[in-house]
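Student: Take a look at the letters that make up each chain.
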Amino acid sequence: MVQIIKPAEAVQFFQNKQTIMIGGFLNCGSPELVIAEILKTNMGEWTLIANDTAYPDSNRGKLICAGKIKKAIISHIGTNPETVRKMNAGEIEIDLEPQGTLAERIRAAGAGLGGILTPVGIGTDVAKNKQIIAVDGRDYLLEKPLRADIALVYATYADRFGNLAFAGSTRNFNVLMPMAADVVIVEAENICEEPLDPNNVVVPGIFIDYIVAGGSDGAK
Amino acid sequence: MELSKDETQKIIARRVAQEFHNNDVVTLGIGLPTKAIQYLPENVEIIVQSENGVLGVGAYQDETTRDEHIINAGGMGVTINPGGCFVDSLMSFNMMRGGHIDITVLGALQVDEQGNMANWCIPGKFTPGMGGAMDLVVGTKKLIIAMEHTAKGVAKIVKQCTLPLTVAHKVNMIITEKGVFEITEQGMFLREISPYSSLDDIKNTTEADFVVELCKNAA
Numbered sequence: 001m002v003q004i005i006k007p008a009e010a011v012q013f014f015q016n017k018q019t020i021m022i023g024g025f026l027n028c029g030s031p032e033l034v035i036a037e038i039l040k041t042n043m044g045e046w047t048l049i050a051n052d053t054a055y056p057d058s059n060r061g062k063l064i065c066a067g068k069i070k071k072a073i074i075s076h077i078g079t080n081p082e083t084v085r086k087m088n089a090g091e092i093e094i095d096l097e098p099q100g101t102l103a104e105r106i107r108a109a110g111a112g113l114g115g116i117l118t119p120v121g122i123g124t125d126v127a128k129n130k131q132i133i134a135v136d137g138r139d140y141l142l143e144k145p146l147r148a149d150i151a152l153v154y155a156t157y158a159d160r161f162g163n164l165a166f167a168g169s170t171r172n173f174n175v176l177m178p179m180a181a182d183v184v185i186v187e188a189e190n191i192c193e194e195p196l197d198p199n200n201v202v203v204p205g206i207f208i209d210y211i212v213a214g215g216s217d218g219a220k
Numbered sequence: 001m002e003l004s005k006d007e008t009q010k011i012i013a014r015r016v017a018q019e020f021h022n023n024d025v026v027t028l029g030i031g032l033p034t035k036a037i038q039y040l041p042e043n044v045e046i047i048v049q050s051e052n053g054v055l056g057v058g059a060y061q062d063e064t065t066r067d068e069h070i071i072n073a074g075g076m077g078v079t080i081n082p083g084g085c086f087v088d089s090l091m092s093f094n095m096m097r098g099g100h101i102d103i104t105v106l107g108a109l110q111v112d113e114q115g116n117m118a119n120w121c122i123p124g125k126f127t128p129g130m131g132g133a134m135d136l137v138v139g140t141k142k143l144i145i146a147m148e149h150t151a152k153g154v155a156k157i158v159k160q161c162t163l164p165l166t167v168a169h170k171v172n173m174i175i176t177e178k179g180v181f182e183i184t185e186q187g188m189f190l191r192e193i194s195p196y197s198s199l200d201d202i203k204n205t206t207e208a209d210f211v212v213e214l215c216k217n218a219a
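Chains as they are written, first to last, in the working numbering: chain E, 1 to 220; chain S, 1 to 219.
Heads up, a few of these hints could be off.
Claimed, not checked - Here's a subset of chain E near chain S, in silico, CB distances under 8 Å, partners left out:
id: 1; residue: SER75
id: 2; residue: GLN99
id: 3; residue: ALA111
id: 4; residue: LEU113
id: 5; residue: ILE116
id: 6; residue: VAL120
id: 7; residue: LYS128
id: 8; residue: ASN129
id: 9; residue: ALA167
id: 10; residue: GLY168
id: 11; residue: THR170
id: 12; residue: PHE173
id: 13; residue: VAL175
id: 14; residue: LEU176
Claimed, not checked - Stretch by stretch, here's where chain S covers chain E in the computed footprint (C-beta under 8 Å, at least three residues):
id: 15; stretch: 76-90
id: 16; stretch: 132-145
Claimed, not checked - Computed cross-link-like contacts, BS3-like style, restricted to lysine-lysine with a CA-CA straight-line distance of at most 30 Å:
id: 17; chain 1: E; residue 1: LYS128; chain 2: S; residue 2: LYS141
id: 18; chain 1: S; residue 1: LYS125; chain 2: E; residue 2: LYS68
id: 19; chain 1: E; residue 1: LYS130; chain 2: S; residue 2: LYS142
No lab work stands behind these hints: they were computed from the structure. Cβ atoms here follow ideal geometry from the backbone N, Cα and C, with glycine treated the same way.
Could you put together the complete structure from these sequences and hints?
Tutor: What follows is the structure in structure tokens.
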């Protein structure tokens, strides 16, 4: 059984210099309440793993603007000019990854795999310093697993067993990150009294540790 | 003839739409490529995939009608068409890398005669990141680059890309307001000359080497 906590109570799981995965695609399916709480603390120097750095005034973007992020492993920063500015000024380290590769690296960690082989990035700068492995005559990049200390994700529905379900395009990285972190916190738009229909569960509750009643910048 | 930006984009979008066949699964880049949907030929229905997890993207929504749970990859509110489905990022990229997308249309900063393409980075100036573009181009059955022929008078169709590549040796077709090129293992071929251009105009504004071998039925 998972524990239902208040956003401020989630602060206790955070420390300086941790690696934090945060779900969401721009503002859609993006947790925000716990981010608002950790922004109030003096903690930082975090490594962020996420699809994008959203916008300057929303969720993950706020962490960037507040200078809390030392390094981001990310596929897109174009919607947040502050991320680009900090990168060009040397204030933040940005590791740009093809989006599908980023997703598969997180899955590899959560699925107990030693990495994945992908043709994506062969012949480009993405292949620099990476091992190339030929399988049946085709070249692939070895991409290693990506784990985090904390995963902070969104769900549209959660039950007290931690089972999660989603509306619309909110699934994105929220479905995979819970498998790849030591502490997993979900911000659920609806916490259901009755267990979710087992046919509709998208993320099994065994991956989840804590639930915060909340929502998303993108869905209030 | 001097075309406005809007006219130029319309000409390109209209020509791109001619490449779509009924039931094609299509992924469209943000901006100009997305405009092609407005010019779908009669009796052609396509299934639009969006990398953030929508298969069967429907109509755009404005601020009053949008459901914040459903966006496209550009962050715009959209609906989902009957028969569509929502997927997570893993499944979305399985579709792309796994060869399940029929046609991908993207914009580009540079394309070269070997089918290399650059669209995600101008070092020191413009670095939004590649997002899903690299995964998308690797697996698609057909890659069309839809873009204006030149950027401020500078050729974008070049002998060899100088910007960081999005993908190597993968572009099948280039559609601009001046014409249509096809890139094959045998080289780059000019297939169509737009009514708004001429062979001389194309030769003067294209840095890449190409063979003129026009399609018989071209306009």
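Student: Now, for every hint given, state plainly whether the structure supports it.
Tutor: Each hint, compared with the structure:
no.	hint	verdict
1	SER75	holds (5 Å)
2	GLN99	holds (4 Å)
3	ALA111	violated (10 Å)
4	LEU113	violated (13 Å)
5	ILE116	violated (10 Å)
6	VAL120	holds (5 Å)
7	LYS128	violated (10 Å)
8	ASN129	violated (15 Å)
9	ALA167	holds (4 Å)
10	GLY168	holds (3 Å)
11	THR170	holds (5 Å)
12	PHE173	holds (5 Å)
13	VAL175	holds (4 Å)
14	LEU176	holds (6 Å)
15	76-90	holds (count 7)
16	132-145	violated (count 0)
17	E:LYS128 <-> S:LYS141	holds (26 Å)
18	S:LYS125 <-> E:LYS68	holds (24 Å)
19	E:LYS130 <-> S:LYS142	holds (28 Å)
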